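Please build the complete structure, drawing on both the sequences and the hints.
Below, each chain spelled out in residue letters.
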Amino acid sequence: MNIEYVANLARLALTDAEKIRFSQQLGDILHYVEKLKQVDVAGVEPMAHASPVFNVWAADVPVAGLPVEKALQNAPSQRDNLVAIPKVME
Amino acid sequence: MSEELIFKSIAELGRLLEAGKTTSVALVQAFAARTRAVDGRVKAFNSRDEANALELARASDERRAQGQARGPLEGIPVGFKDVIAVDGQPLTCSSKMLANYVSPYDATVTEKLKAAGAIPWGRLNMDEFAMGSSTENSAFGTTCNPWDLSRVPGGSSGGSAAAVAAGEAPVSLGSDTGGSIRQPAALCGIVGLKPTYGLVSRYGLAAFASSLDQIGTFAHTVEDAAIVLGAIAGHDSRDSTSFETPVSDYRVELKKRTGPWRLGVPREFFGEGLDPEVGASVKQAIDFYRKAGCEIREVSMPFTSEYAVAAYYIIATAECSSNLARYDGVRYGYRSPNATNAIDLYFKSRAEGFGEEVKRRVILGTYVLSSGYYDAYYLRAQKVRSLIRDEFMRLFRDCDALLSPTTPTAAFKIGEKAADPLSMYLSDIYTIGVNLAGLPGISIPCGFTAAKLPVGLQIIGQPFRETDLLAIAHHYEQAHDWHQKHPDL
Numbered sequence: 001m002n003i004e005y006v007a008n009l010a011r012l013a014l015t016d017a018e019k020i021r022f023s024q025q026l027g028d029i030l031h032y033v034e035k036l037k038q039v040d041v042a043g044v045e046p047m048a049h050a051s052p053v054f055n056v057w058a059a060d061v062p063v064a065g066l067p068v069e070k071a072l073q074n075a076p077s078q079r080d081n082l083v084a085i086p087k088v089m090e
Numbered sequence: 001m002s003e004e005l006i007f008k009s010i011a012e013l014g015r016l017l018e019a020g021k022t023t024s025v026a027l028v029q030a031f032a033a034r035t036r037a038v039d040g041r042v043k044a045f046n047s048r049d050e051a052n053a054l055e056l057a058r059a060s061d062e063r064r065a066q067g068q069a070r071g072p073l074e075g076i077p078v079g080f081k082d083v084i085a086v087d088g089q090p091l092t093c094s095s096k097m098l099a100n101y102v103s104p105y106d107a108t109v110t111e112k113l114k115a116a117g118a119i120p121w122g123r124l125n126m127d128e129f130a131m132g133s134s135t136e137n138s139a140f141g142t143t144c145n146p147w148d149l150s151r152v153p154g155g156s157s158g159g160s161a162a163a164v165a166a167g168e169a170p171v172s173l174g175s176d177t178g179g180s181i182r183q184p185a186a187l188c189g190i191v192g193l194k195p196t197y198g199l200v201s202r203y204g205l206a207a208f209a210s211s212l213d214q215i216g217t218f219a220h221t222v223e224d225a226a227i228v229l230g231a232i233a234g235h236d237s238r239d240s241t242s243f244e245t246p247v248s249d250y251r252v253e254l255k256k257r258t259g260p261w262r263l264g265v266p267r268e269f270f271g272e273g274l275d276p277e278v279g280a281s282v283k284q285a286i287d288f289y290r291k292a293g294c295e296i297r298e299v300s301m302p303f304t305s306e307y308a309v310a311a312y313y314i315i316a317t318a319e320c321s322s323n324l325a326r327y328d329g330v331r332y333g334y335r336s337p338n339a340t341n342a343i344d345l346y347f348k349s350r351a352e353g354f355g356e357e358v359k360r361r362v363i364l365g366t367y368v369l370s371s372g373y374y375d376a377y378y379l380r381a382q383k384v385r386s387l388i389r390d391e392f393m394r395l396f397r398d399c400d401a402l403l404s405p406t407t408p409t410a411a412f413k414i415g416e417k418a419a420d421p422l423s424m425y426l427s428d429i430y431t432i433g434v435n436l437a438g439l440p441g442i443s444i445p446c447g448f449t450a451a452k453l454p455v456g457l458q459i460i461g462q463p464f465r466e467t468d469l470l471a472i473a474h475h476y477e478q479a480h481d482w483h484q485k486h487p488d489l
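So the protein sequences, as listed, match chains A and B. Mapping of the first sequence onto our numbering: position 89 corresponds to residue 89, and the numbering continues sequentially without gaps. Mapping of the second sequence onto our numbering: position 105 corresponds to residue 105, and the numbering continues sequentially without gaps.
What the hints contain is simulated information worked out from the structure, not anything from laboratory work. Take these hints with a grain of salt, some might be off.
Pair by pair, the computed Cβ-Cβ distance ranges are [what the hints assert, rightly or not]: (1) A:Ala-64 to B:Asp-481: 48 to 54 Å; (2) B:Leu-489 to A:Met-1: 41 to 47 Å; (3) A:Ala-84 to B:Gly-279: 57 to 63 Å; (4) A:Ala-84 to B:Arg-63: 42 to 48 Å; (5) B:Tyr-374 to A:Trp-57: 26 to 32 Å.
Stretches of chain B that chain A covers, calculated by requiring three or more beta carbons in the stretch to come under 8 Å of a beta carbon on chain A [what the hints assert, rightly or not]: (6) 54-65; (7) 98-110; (8) 231-241; (9) 305-314; (10) 318-330; (11) 375-386.
Some chain A residues well away from chain B (every beta-carbon gap over 10 Å; in silico) [what the hints assert, rightly or not]: (12) Ile-20; (13) Pro-62; (14) Arg-79.
As the structure is a prediction and not an experimental result, all values here were calculated from the model. Even glycine gets a Cβ: it sits at the ideal position worked out from N, Cα and C.
Structure, rendered in structure tokens:
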């Protein structure tokens, strides 16, 4: 596994020590899951979940959402009823 | 402190409340006093709001006085794993990422329990974001097993299990993604029920692996688990995998069914890796059913026993990496003060907010979903999952339920497996297939090792047939007194 490539996809900054440790541990785990390659899965449908329901649609009627103050109560930073973040562009 | 109250079943507490022999306020006071006395050692609670619980208890006592009691949970304190939303209370997932998060709404199970008159009692410790089997992955410290404080309570719902086992709460809620209710219930010597996927709404449960997560309950007795299940089960349009099925009065029904049942015993679950003392207790439990007239069938699950753990750690980590993408330091949760721009904010907030096991799983999940690897890992694991479900369903043509150990060993030492993630993953080997197949499972106490550590019997049922599962478990419990033994603290 190219740990730096994958960490970038995951938007996760890793320390050098973490890169070394995770590479080794994930290598062990990937080696263990290799056994799935022995299984003949030709013609088998993939299973996304176990509930016997599919294509569930919500009724097209408006329902109340969270009020603004509750929706923002956990925001790390806010201004004018909006979530504030550092500048995206200079 | 009322020592005589803290280990009673909620069925019994309900009778005392009804007869006017105690009050909800007295119950909250008793469990709060017990928690003050022992939780410095057990460390099951992340937080608790005694004043709020007392206020709700007073309202409950008032309803009862006016003849408006709402049923068997009226006035009963219920502990919450710190992953299920209670409006106005902290929800931390035992993560630095959510250390200051306060739920802005109630989970569906919380709404239902409040409507039934129950009192939310405390936020219980867990492995961070429910990822782990020992509660050692909590950002707030490890919960200790009440039977031996140097050992883990299991996980990920370790706080929920330890709180009930230690008499700090009479029942509690947990969540089970790969065994996170059944395994800690077994290691703490109590009842742990994981319902069929789709029976209990996941709305308001912080997601780990959405196709596997299911809310369930810890209790001293099977009847108590049935009482709580009856209150939290049912269809909910806010969870799109919630299933429309009638909810039985499990408490009444479980006593009507007395067997005999056809019970399968998968021989692979008694092989290499199973501790002999655990195996001996479970075999005695199987003998009990045989003597009670049940037909015991030795069955084989070669596929599940060989491939379930591997398929699980691909599917669960894939879903975890997707679900945990929401923690980006923007709308809620931890935000790094060291970020210089918006993209940097993601990288640093996640690096500083997540613990080691969460990072490991996010990386693995991202990898198995990444371009070029998706088919080889994720899609293949989903196909293997179909085959695992098929293997269970084939056995259910001739068996009403399956019996096995819940765990390969009794509670292990704190620190024993922390350095080796794979060996920790393998401690879930008997429980994981149940989640992949979406089945209901229960762990009930079935003995102790020579070192006085509890052993759990796992019973695996057919989808949406919780009544049979509970009846089979109840039948055993009626003839044994393991559930009446409590740790010395």
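Consistency of the hints with the structure:
For Ala-64 of chain A and Asp-481 of chain B, the Cβ-Cβ distance of about 51 Å falls inside the hinted range of 48 to 54 Å, so the restraint holds. Range check, Leu-489 of chain B to Met-1 of chain A: about 45 Å between beta-carbon atoms, so the 41 to 47 Å window is met. Between Ala-84 of chain A and Gly-279 of chain B the beta carbons are some 59 Å apart, a value that agrees with the proposed interval 57 to 63 Å. Here the CB-CB span from Ala-84 of chain A to Arg-63 of chain B is close to 44 Å, well matched to the stated 42 to 48 Å.
At roughly 27 Å, the beta carbons of Tyr-374 of chain B and Trp-57 of chain A sit within the given window of 26 to 32 Å. For the stretch 54-65 of chain B, the proposed coverage by chain A is not satisfied: 0 residues have a C-beta within less than 8 Å of a C-beta in that chain, short of the threshold of three. Judged by the Cβ-Cβ criterion of 8 Å, the stretch 98-110 of chain B is covered by chain A as claimed, because 5 of its residues qualify and three suffice. Counting residues of the stretch 231-241 of chain B whose CB lies closer than 8 Å to any CB of chain A gives 3, so the stated coverage by that chain holds, three being the minimum.
Beta-carbon proximity to chain A at under 8 Å applies to 7 residues in the stretch 305-314 of chain B; the threshold of 3 is reached and the given coverage holds. Remark: the stretch 318-330 of chain B is confirmed as covered by chain A, as 5 of its residues place a Cβ nearer than 8 Å to a Cβ of that chain, reaching the required three. Residues of the stretch 375-386 of chain B with a Cβ under 8 Å from some Cβ of chain A number 10, which satisfies the need for three, so the listed coverage holds. The Cβ of Ile-20 of chain A lies farther than 10 Å from every Cβ of chain B, with a closest approach of about 13 Å, so its non-interface assignment holds.
No beta-carbon of chain B is positioned within 10 Å of the beta-carbon of Pro-62 of chain A; the least distance is around 14 Å. With a closest Cβ-Cβ approach of about 13 Å to chain B, Arg-79 of chain A is found to remain outside the 10 Å limit, as its non-interface label requires.
Of the numbered hints given earlier, the model fails hint 6 alone.
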